[in-house]
Amino acid sequence: MKKWLQVSMVTAVSGAVLLSGCSGKSAEAPKTEGNGAPKNFNAENYPIVNDKITLNMMGAKAAIHGPWNEMALFKEMEKMTNIHFEFNTPPAANYQEAKNLAFASRQLPDVFFNAGLTPDDEVTYGSQGYLIPLEGLIDKYAPNFKKRMEANPDIKKSITAMDGHIYSLPLIIDQPRAFVPNRFWINGDWMESLGIKKVPETTDELYDLLKAFKTGDPNKNGKADEIPMSNVKLNNFDGVLLPAFGLLGREVEVKEGKVRYNPVQPQYKEYLAYLNKLFSEKLLDNEMFVQTSQQMAAKGNSNQLGVFAGSAPDLVLKVAKPEDNLKHPMLGPLTSPVNSEKLALRASNIRRGTFAITNQNKYPEATIRWVDYLYSDEGSRLGFLGNSYKWLDDAKTKWTFVAPDGVNAEEYRGKLTPDVGGQLSLIKERDFDSKRDNGKAPDYNKMVLEKLEPYAKRDYPDVYFSNEEQKRLNVVKTDIKTYVDQMEAKFIVGQESLTKWDDYVNTIKKMGLDEMLKIYQDAYDRWNQNK
1 MKKWLQVSMV TAVSGAVLLS GCSGKSAEAP KTEGNGAPKN FNAENYPIVN DKITLNMMGA
61 KAAIHGPWNE MALFKEMEKM TNIHFEFNTP PAANYQEAKN LAFASRQLPD VFFNAGLTPD
121 DEVTYGSQGY LIPLEGLIDK YAPNFKKRME ANPDIKKSIT AMDGHIYSLP LIIDQPRAFV
181 PNRFWINGDW MESLGIKKVP ETTDELYDLL KAFKTGDPNK NGKADEIPMS NVKLNNFDGV
241 LLPAFGLLGR EVEVKEGKVR YNPVQPQYKE YLAYLNKLFS EKLLDNEMFV QTSQQMAAKG
301 NSNQLGVFAG SAPDLVLKVA KPEDNLKHPM LGPLTSPVNS EKLALRASNI RRGTFAITNQ
361 NKYPEATIRW VDYLYSDEGS RLGFLGNSYK WLDDAKTKWT FVAPDGVNAE EYRGKLTPDV
421 GGQLSLIKER DFDSKRDNGK APDYNKMVLE KLEPYAKRDY PDVYFSNEEQ KRLNVVKTDI
481 KTYVDQMEAK FIVGQESLTK WDDYVNTIKK MGLDEMLKIY QDAYDRWNQN K
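Every letter in the sequence shown is one number past the one before it in this note's numbering, and letter 422, counting from 1, is 422.
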């Protein structure tokens, strides 16, 4: 047993999924109902249980989060429902490894929340009984979510696995058009300092801007301490810089009905060559592959960053007043010598895998009622804002988020709810969001709709694979992705020359690329027939 656990831990930490062949003891068969509702359970109204129950919750803790047990969301929900949670919240940077280890070692929580479950997780662990099916519970005890599914049939289609079961609940982004989460910002103070007025529209123009930031002392401290562009690994680059080279995302993409794998495309080689050029000339932060978002923000607060990713400028730069965010322009879609079309990567309006119940949970009926509140109007607002917003008029046409004086609003919200830097099982309401009074602060939604949305496209739809397809993907895709991640970093930092590109592509082909593409193509064809 000791040897098995050691192997499980090593494999889980490396990102592999361990379930089959690890133990002679199989999981319980999937259940659509729980082990029986608790005797003090109320199927309607609140509290959900008369006598308090305690459940274990696991979720990803972003750097901006305060302790989850101190968050207003959980405190208010406990008062209303009588359900208390004990938390296991690994840092977001290590969460996937911790989640894999929880499954591999069978040390599962009762509930995953801000769960980051992939479709692979749902199909694999759902079919083996570790995640329980939710559709029966939804039908009986989740009227708010059921109402959302009936109003939008795409929701049910997007979260139902090939075996007909629903293993997780989603974040629903109620937006009329494209949802584009990836944003890059330019330090406007540096542009003003150097007399630069034009925001780059091509990769060459971005290079020239970064070069000026590197050599022009834009922070005016007499030191060569400027970092022209920074990021945490390659997060967001696939949504902002990669489309400049004509590719949507760094995995599979549908192009004219055919699925292709972008990391072996010639345009991807050009993308890597561009990043290698930036890295070698120290225009791209040479610590990007090892730093955290907090470390990047510390550089921004020290006025050392020129271009960076984030939801808003003031999460990285030191911004005195909300309206000062307007000084820092958003980088729009770029073109490049190999692509003349402006593109942006559109995310799905339905973000799967945010909540799940495991087979360890003795109270699934109560648990589904707990999460169902977050799909009501009031519950979604509690999940989004905590208890810290107020209406500004009796007619409820304008509201504002309330934060202590001198405290950054997003940092304060991160102490109230894991929604900041996370994805929760709730609905982001278009109508409610449109009533926010930003004061003099930027309207980021409007900015995205005007600057990015017209060019936004999906790479690949929300699909599920059959159990057999998923088993093969768990082997083939995992190996390919691990290799691509390693080589991508080596190409960028110069540890591996791009003269080895053909060897790199041939290695991926030998690892089963054609088989992987056929699985994706078959799944896309099924989805396309049913849309």
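Since the hints were made in silico from the structure, they are not lab data.
From the three backbone atoms N, C-alpha and C, an ideal C-beta is built for every residue, glycine too.
Any given hint might turn out to be false.
Only pairs whose alpha carbons sit at most 27 Å apart, straight line, appear in this in silico DSS-like list of lysine-lysine [unchecked claim]:
1. Lys451 - Lys415
2. Lys233 - Lys299
3. Lys518 - Lys269
4. Lys318 - Lys471
5. Lys457 - Lys157
6. Lys255 - Lys396
7. Lys269 - Lys220
8. Lys446 - Lys435
9. Lys211 - Lys451
10. Lys211 - Lys255
11. Lys39 - Lys52
12. Lys146 - Lys39
13. Lys255 - Lys39
14. Lys440 - Lys197
15. Lys490 - Lys214
16. Lys146 - Lys220
17. Lys440 - Lys396
18. Lys415 - Lys75
19. Lys451 - Lys490
20. Lys471 - Lys157
21. Lys321 - Lys282
22. Lys156 - Lys321
23. Lys446 - Lys471
24. Lys471 - Lys156
25. Lys451 - Lys342
Pairwise CB distance ranges (calculated) [said to hold, decoys possible]:
26. Pro404 - Thr478: 29 to 35 Å
27. Lys258 - Thr499: 50 to 56 Å
28. Asp163 - Pro322: 31 to 37 Å
29. His84 - Lys197: 52 to 58 Å
30. Thr507 - Pro153: 21 to 27 Å
31. Thr507 - Ala224: 51 to 57 Å
32. Ala224 - Lys79: 35 to 41 Å
33. Pro404 - Asn530: 46 to 52 Å
34. Ala224 - Asn69: 40 to 46 Å
35. Val402 - Thr478: 54 to 60 Å
36. Ser105 - Thr499: 55 to 61 Å
37. Lys197 - Asp139: 31 to 37 Å
For the pair supplied as a hint, Lys446 and Lys471, confirm whether the alpha-carbon distance does not exceed 27 Å. violated, 42 Å
Determine whether the Cβ-Cβ distance between Ala224 and Lys79 falls within the hinted range of 35 to 41 Å. violated, 55 Å
Within 27 Å, alpha carbon to alpha carbon, are Lys321 and Lys282? The hint is violated at about 31 Å.
Is Lys451 within 27 Å of Lys415, Cα to Cα? violated, 31 Å
Can the restraint linking Lys39 and Lys52 be considered satisfied, given a maximum Cα separation of 27 Å? Roughly 12 Å between the alpha carbons, so the hint for Lys39 and Lys52 holds.
When you check the alpha-carbon spacing of Lys146 and Lys220, does it fall within 27 Å? violated, 57 Å
Do the alpha carbons of Lys451 and Lys490 lie within 27 Å of each other, as the hint requires? violated, 33 Å
Holds or violated: 40 to 46 Å for the Cβ distance of Ala224 and Asn69? holds, 45 Å
Check the hint pairing Lys457 with Lys157 against an upper bound of 27 Å on the C-alpha distance. holds, 20 Å
Holds or violated: are the alpha carbons of Lys146 and Lys39 at most 27 Å from each other? holds, 25 Å
For the pair we were handed, Lys318 and Lys471, check the Cα-Cα distance against 27 Å. Not satisfied, since the Cα-Cα distance of roughly 47 Å exceeds 27 Å.
Holds or violated: Lys233 with Lys299, Cα cutoff 27 Å? holds, 15 Å
Comparing the model with each earlier hint shows violations of hints 1, 4, 6, 7, 10, 13, 16, 19, 21, 22, 23, 26, 27, 28, 30, 31, 32, 35, 36 and 37; every other hint is respected.
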